[in-house]
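K.L.:
Residue strings, one per chain:
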Amino acid sequence: MKAPPFQYHRPQTREELGALLARLDNAKILAGGQSLMPMMNLRVIAPDHLIDINRVANLAGIREAVDGIEIGAMTRQADVLASDLVKSRLPLLTRALEHVGHIQTRARGTIGGSCCHLDPSAEQPAMCAALDAEFVVVGPGGRRVIPAGEWFEGLLQSALGEQEFLEVIRFKPWADGHGYGFAEYARRHGDFAIAGAAALLEAGRDGRITLAALLSFGVEAAPKRLSEAERTLIGQHVDSLNIKPVIAAASALDAMEDVHVTADYRRHLAGVLIRRALNEACTTMRRPS
Amino acid sequence: MSGRFFGAAVTRLEDARLLAGKGQYVDDIDLPGMLHAAFVRASFAHGRIRSIDTGDALAMPGVVAIYTMADFADIAHGPMPPMAPHPLLKTPITYHPLADTEIRHVGEAIAIVLADNRANAEDAAAAVTLDIEYLPAVSDAALACEANSPKTHSQHASNIAATMKAGFGDCAGVFAKADHVLTEHFDIHRGGCHSMECRGVVANIDLLTDALTISTSSQSPYMVRRHLAAYLKRDENDIRVMTPDVGGGFGPKANVYAEEFAVTLAVIKSRRPVKWIEDRQEHFVATTQQRGQTWTLDVAFDNDGRMRAIRGRCIHDNGAYAPYGLILPATALASFPGPYALEALDLSIDVVLTNLVPTSPVRGACRPNVAFLLERLADRVARHLGMDRQEVRRRSFVRADQMPYTTGIKARDGSPISYDSGDYVGALNLVLDKIDATNFEARRNETKRRGKLRGLGIASCVEDTGLGPFEGASVRVTPAGKVIIATGASSQGQGHRTAFAQIAADALGVELEDVTVETADTAKFPLGISTIASRIAVTAGSSVQLAAHKVRAKAIAFASHQLEVGEHDLELDGGAVHVKGIPDMKIKLSEIARTLAGNTGVPLPGDMEPDLAATAYFNSNALTFAYGANACEVEVDPETGDVSVVRYVVVHDCGRLINPLIVDGQIRGGVVHGIGNALFERMIYDEEGQPLTTTYGDYLLPMAFEMPRIEIHHMETPSPRNPIGVKGAGEGGTIPAAACVISAVEDALGPDGPFIALHPISPQHVVTWLDGN
Ligand SMILES: Cc1cc2nc3c(=O)[nH]c(=O)nc-3n(C[C@H](O)[C@H](O)[C@H](O)COP(=O)(O)OP(=O)(O)OC[C@H]3O[C@@H](n4cnc5c(N)ncnc54)[C@H](O)[C@@H]3O)c2cc1C
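Protein chains in written order, with this note's numbering: chain A, 54 to 342; chain B, 384 to 1156.
Isolated chain B (complex conformation):
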């Protein structure tokens, strides 16, 4: 595949509008008569609701209505439908739109206040009197596993919601025969997720038809529609869900949220349009978070550095509800064995309920955890054997000549996972070359002369992308010759419009400016899944390609009929179909579109089907595997414990690049995410589940000052599993980044330093370690 646009670093079509402040986000929507919502939220982590008194609050200025779950009884009741039912979850563990009888984490929504403006709604929310019986809470997943622990849901007998297992090979056998076995305990912090735009919903009801229109800052508009329809027992057709410009998603916005339901129910009840914009404080306590896990792992390896088998157990902090089922812990199991060609694997994960905000996939889901585990183990093995870290990897990785490589793990549908293509050792060699690992010791010595410690870190990863089942797209040429793409794949700033336009413009021989992309309005395209799991380039990108080629074929068939020229002698260029070598013998696309749009009483030429348009769905039946190798250098101030990342080099292979600029942006942002995980972001709770870091003064996001220049090199191994040869690129930056940084810190602390098995690390950790503690 090559064309004028596919593969070109064209600047993003969406940016001029967004940078000029012309973006239209949910909060920019203003409907006549619209009310503003604020939620009354739980201020402690576990309790039984005795009564809710809204009397005083209702009398406050501007207040129109206050609803609790009981007030919705005539419309709907019960917990929300699960987004991803799982056989191991006997009963789904989902929220009620508003808390029913029990609150299970700080921030859970209890009542919704509607007022003429948000400030008045907040004043009234503070005046609602709650009588809630205190129940003991548990905030530590390991403690929650103990028999006498308080139960997150008081009706449950255990906090362990499910135990998930995965593995292959004869683990006991390999362990018995291997030259060495080591055991390590890992502690990976939960962390939050902070898109620049918080969540938000504007909902409205048609007073004549009762039809609902919902704009939401979501990654999954079609899931919102589907689950709302099920909950309200309505037809999906009565509910239109739109996602206008969305200021970042990163995963949490893929969930269908209680607030989306509560606002909609409040609209049905009040018959007024309602806006709710989540503020940052709410975001800290009500939007799902990342991925706290502890692991105990044994690794079996040989004298030559070959890693042969891994076994162990994980405690997964799920939080109080499982809106997204077991998707998050499942990604941990599916991410093993990463780039390592293990002979055997035996893992189990206890999914544990705690009185905290739920966790759900955030950029990489649990893949960054697994990259951390595997890469740390590889470093550990190297250290044990006194061998080069690279060498352990070269001996343990899946080799290019083994592709396609069946790992032994099963995908969600039970099919065997097989890596489609790639050269993991090649990527590692390239990144070491690019960072100039050969001369690292000279740099280490120079740094030492300045009183600092320098370390080199390496980390690799493999990432399953293009998750099924499908996305779709329609491509249509208007009578003005413009191309309109509609797709169910919603966009949160990734540059979908540009990438899809590049694909279609090549197929149809038009300019990028001629292409408009409409995403994520359930009224404009019938079906969609979700923008998650690095899947849109594969699924929607391929759909655009398939649909655009159908349109192309139709235009050629039309021209062939009209010009009486064989189809093989025609090509598309300059907005027209013309005879190869004779640019003047042509028919413009606009003319074809106009003709196929029909004229009263005039039959269509050649009895063609009306409309210069086509729809296609690409079924992504087999995952496609991107991969990368990272290397970085850190400088550690041994006195303050400060760690600064001074160089960061990424080698990344996501198959064919539709637009290198966009991919680079994804990788850079992803690496920053990972550096945040390694060094900065810590969401602290006390034992009672009270969050202690709910402002940006306390919750440290990585900021520009602390970020190194990130150097990116691409390898392009096309995927054989989709028509455009692409693999996903949304998470590959994040997945190995925390592992890479920690590897560098450990290297800086030297052979007497500790094995670092946790993140984020703090300067205080570093000082303590250097003290020999």
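Here chain A stands alone, though its shape is the one from the complex:
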């Protein structure tokens, strides 16, 4: 369980990083190393070059920008979890982060690393999908912005180009007092979930839903917005939601199977969890009084 030989690089600036990515073949970026190092030690991947971005200036940090919240790719999961700003404006993200790994892995692991690695059960990219986040990436052609809807290209596959790196993730918070709900099921606390779900709701003064986001993750190869089901919620009253179409949508996903669970069980969980997430969103929603 030792990685095959590789060359180690440690750029200090975005420019140096960009230059290395442009120049080196078969290179991998090292962020928190919590996914990359195990894969290298198990010899699942064998990059010739490792580009450590831990010292690149200003890649980490959480800040309030004019039109939302920006989280630098190198921001540690522990820092996102501890952030009051995130907790008040993006409470769903905070809620989800409690389920990401363990105190030790969150201390090293980064939000950017998780969003680039794209495990199907990873909570952070999933919440990005629920929140319609935008991924700002930098490459030889300069900066481009990839909306969450286009970020996920398949199993462990993002829209990031070979020579690009993820710089920052931009979030547009939902209105104050919006409802948010999260549910996942993992065999043990901190494991990658077998399946998970998230829900976001906004309602008018009359209690009728004006905006909804519903998401299942860990079920298909990439997190999946249940757009049809979202639409069925619009106009319904929070206290008397018809959730049947929501559960039906989750239970109809093209679920993965693996050595541990069947696709049927995953679909069953998807239905249970989306209901729980939606219920929680109804509970956390602050009603105008």
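Honestly, the hints are just simulated from the structure, not real lab data.
Glycine included, every Cβ here is placed at the ideal spot set by N, Cα and C.
Just so you know, not all the hints are guaranteed correct.
[As the list claims (entries may be wrong)] In silico DSBU-like cross-links for lysine-lysine, where the CA-CA straight-line distance does not exceed 30 Å:
no., chain 1, residue 1, chain 2, residue 2
1, B, Lys616, B, Lys652
2, B, Lys835, A, Lys297
3, B, Lys831, B, Lys817
4, A, Lys297, B, Lys831
5, B, Lys652, A, Lys55
6, B, Lys793, B, Lys473
7, A, Lys81, A, Lys55
8, B, Lys963, B, Lys865
9, A, Lys55, B, Lys835
10, B, Lys963, B, Lys933
11, B, Lys937, B, Lys865
12, B, Lys907, B, Lys933
[What the hints assert, rightly or not] Pair by pair, the computed Cβ-Cβ distance ranges are:
no., chain 1, residue 1, chain 2, residue 2, range
13, A, Arg96, B, Gly797, 48 to 56 Å
14, B, Ala403, A, Asn94, 47 to 55 Å
15, B, Gly406, A, Arg340, 52 to 60 Å
16, B, Pro909, A, Leu95, 39 to 47 Å
17, A, Arg96, B, Asp436, 17 to 25 Å
18, A, Arg96, B, Thr546, 36 to 44 Å
19, A, Arg284, B, Gly1133, 36 to 44 Å
Position chain B with the ligand against the provided structure of chain A, taking the given hints into account.
P.N.:
Below, chain B with the ligand without anything else, positioned relative to chain A:
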């Protein structure tokens, strides 16, 4: 027996050092000029080696040598000696140090690469070219029994290595007369074993004398020495085996392994020190695993709930080799009839070879399986009769007034097994009281209001401990007045040092800090067996007691001579022998030791034998039987199928407690092991013997978050079979735990739920069962 230390919950002497990172494990050893080894291992489960090309690999950076079995031909050849020959095994089925002509499971070692560091050795191992002819493999023991199955060893006519039988009484007769008979089929999963420290070996050769020094992360240093000496045709004296700090054993490290031989052979060949540290991936494919068995059992019982007889058959998944002979399946037979006073028993076990890593005893060996079978059957009988589960047990258990109780089963040496002492019904009553079983239904209803299902589980067990033949210990007082204990019993973190020091400190009237315990260096004590089977407190603990009392007697004799006081008027205290009631009339132990260490030309007082020291071996000729009753409560989420153990109560009797803290630690760890068996640990292979769960992301060990608080109550029925009245405590936590948890899950699923006859269960099982499937 009572003293200042025996029985006291003193904190462990070893912990300060270990917790401060000052432990010395095999991997901490660094010798000048040491090479690092990596193994080339089989990547599929069965094949015939055509050729091995090491040319490219030898040319890689840092590589010093690569050996295959053929390269050792001038030193030794053939399969390794069997650790426990058994008459039913016509020919031993042991590994070669490196695969000879056939590979028989994924992970079997084929070649050893020596390089300047481990990374380079791994790079080169990946570059060795193997030409191996594919042979069909079998990974399912039941399929392996079929006539047309592929053979695990292509030269064998059958995969059934042995058929073992045990029983007593007139089984057919009792079955014919009993009010009821039920048949059930059980499926108990194999599972792995994951000590925190994997295996590891550092070996060295003395370039002048050729003597070998081997440090290994093992439970059986003396067995490593004995079998290596036999294999190399050398005298045991030329081989020194040490076990430095060992980070957990739990059974698998009791085997003598091919890697221990291969590393040693590589050292002899290269004449360089070599280190091999098993990594976790290797551990998954090369370290022995637990105990996969399927059973079909009939139980005969009466209307009043009394279980009278059991008969049936087992298919035992042995894996590809039997390094430890038939010890593992033998423990299954010897564990019947558990706490049940059966009139008759008739069992047979087919020991079946499969193309998987071998199984060998892991914490409890097959005792947890048997506890699962018996306890599940008792629940089944209760359900059939619509009777209380406890009541079936109360009517079926061996009663306290029947002790000592001869079960009818024979021990390994053919002698009848007899339970020495205990109160099984008393333990059950106590645990039910402690968990407050009377008010369980109220808790069940409260849980139901939260949308969950609650269940109460119970399980009992009896455990044979103190397996013979012996361990030994020497106790010596140094001229500085310090006490040194040496024993052949190796330690893997159990707290032996503390427990032995407690025993000796009482006998010699010294403080714990004055006692040093040296374990497991074959150069420091002549003989040892193995730290297995909950036997060390009984065997080595008793030896320490016997040796320390010899030393005590000698010190008293010396003082009596010097002080001219009768021996009965002397006692030991404060590091000295003094006259009872007159603490100032004393001779310090240090002075006695100094005198008995001798001075040139000065005769010893009273012509005593030199040295304030003694050695003793305790022959453990009759097993001693610990027992326990467990009860737990689970909450089941009917939607996800999640099971969480919310309460766990243990009543345990291992005779006299040397140190309750240490025993509690053993029980807690043991229960966690059992909960892992019940709910989490599943070692999955495909039909071709390819392991599919070889990381901790896929192989789920129980973790702290999922574990309940474990509440422990002790009963102390002294064993009459050893001088300190103890029984073993290393496995009693594990043995009934899986049965207890499964019993609770079944109870939670209610009267319409299934009879659960397998483990581990998964959330998916639970959801399916609740669906009525
Ligand atoms: C025991 C354990 C439990 C875990 N449990 C969970 C869990 O429950 N949920 C969960 O979501 N995750 C879990 N993880 C994974 C963890 O969250 C990782 O931290 C995360 O997947 C990767 O982040 P990282 O910063 O460690 O990235 P790294 O491992 O350093 O990199 C991961 C990948 O992303 C690429 N990369 C990283 N940063 C960038 C960037 N800025 N631009 C371009 N590419 C980049 C790397 O090249 C690599 O391919 C667990 C990990 C462990 C070890």
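K.L.:
Could you check the structure against the hints above and give me the numbers of any it violates, in ascending order?
P.N.:
The structure breaks hints 9 and 14; every other hint is satisfied.
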